[in-house]
Amino acid sequence: MPMLPTFLFLAAMQGSTPPSLTAPEILERMVQADNGRAAALAGYSGVRRYRFDNLKSGKHAELTVRMSRGSDGVKTFEVLAESGSGFVRDHILRKMIEAEVESSQKGERKETRIIPENYDFRLVGTEASDGRDSYILEIDPKRPSKFSIRGRIWVDTEDFAIARIEGQPAKNPSFWIRSVQVVQRYGRTDQFWLPAMNHSVAQARIFGATEVVIEYSDYKTDVREVQARTRPEEKLHR
1 MPMLPTFLFL AAMQGSTPPS LTAPEILERM VQADNGRAAA LAGYSGVRRY RFDNLKSGKH
61 AELTVRMSRG SDGVKTFEVL AESGSGFVRD HILRKMIEAE VESSQKGERK ETRIIPENYD
121 FRLVGTEASD GRDSYILEID PKRPSKFSIR GRIWVDTEDF AIARIEGQPA KNPSFWIRSV
181 QVVQRYGRTD QFWLPAMNHS VAQARIFGAT EVVIEYSDYK TDVREVQART RPEEKLHR
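Numbering (the working numbering), first residue to last: 1 to 238.
Mixed in with the good hints there might be a few duds.
[Unchecked claim] Straight-line C-alpha distance at most 25 Å; calculated DSS-like pairs for lysine-lysine:
#1 Lys106 <-> Lys146
#2 Lys171 <-> Lys110
#3 Lys59 <-> Lys95
#4 Lys106 <-> Lys171
#5 Lys142 <-> Lys220
#6 Lys106 <-> Lys56
#7 Lys59 <-> Lys110
#8 Lys75 <-> Lys56
#9 Lys220 <-> Lys106
#10 Lys171 <-> Lys146
For the record, the hints were derived by calculation from the structure and aren't laboratory data.
Sequences are here, hints too, so could you generate the full structure?
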């Protein structure tokens, strides 16, 4: 079999080359798309499964909840199932949920959004993953805090939604923690880009490595009617 057709076939399998854009152009499209999706999304709910593991102490715990986010951005949680260490569930996993509820009530999304107002960006390349192309940008917060991330984002070249975040808190959240590595992945559900998985590994000074995994599923979404009629093609990412 001739080699040239083989190479052409293999090249076709890799997908088309992403459009050549500068970092400012990518960011402009990303912010515009995110603003449009935010305006269209009236609310959503889903199931989350939290898993905590610390090998050194032998502590393990799980917590399954249903989360609902209203049109005002405020989140509520309902516990569906739980198992494992009661101390971990009450003093770590529930505290994580309480902090998220408090943040949503204060409307802190503007301060934590990954946008040029809050971050500096540098385009480092492109990458194909799960059949989709992404632009890869390094991010560095302008006002470092324990809620901001220093690392990289993957921006989908078609929807201009953040598909993945990898990095560490810009400020160490505690003296007792040496480092934290975070991976957040998003996936499309119907019209929407929503969280799919969060994997965090913290290296503590006394207790060693602690792993927390959050899995997201069973999404139900609510789109504002006017937006649903005028922009049916938009992909939403929250």
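Hints and how they fare:
1. Lys106 <-> Lys146: With a Cα-Cα distance of about 17 Å, the restraint between Lys106 and Lys146 holds, given a limit of 25 Å.
2. Lys171 <-> Lys110: The given pair, whose Cα atoms are some 19 Å apart, holds under the 25 Å limit.
3. Lys59 <-> Lys95: 17 Å, holds
4. Lys106 <-> Lys171: Between Lys106 and Lys171 the Cα gap is close to 21 Å, so the pair holds against 25 Å.
5. Lys142 <-> Lys220: Given that 25 Å is the threshold and the Cα spacing comes to 35 Å, the pair is violated.
6. Lys106 <-> Lys56: 37 Å, violated
7. Lys59 <-> Lys110: Violated - the C-alpha atoms of Lys110 and Lys59 are around 36 Å apart, more than 25 Å.
8. Lys75 <-> Lys56: 34 Å, violated
9. Lys220 <-> Lys106: Roughly 24 Å separates the two Cα atoms, so the pair holds.
10. Lys171 <-> Lys146: 5 Å, holds
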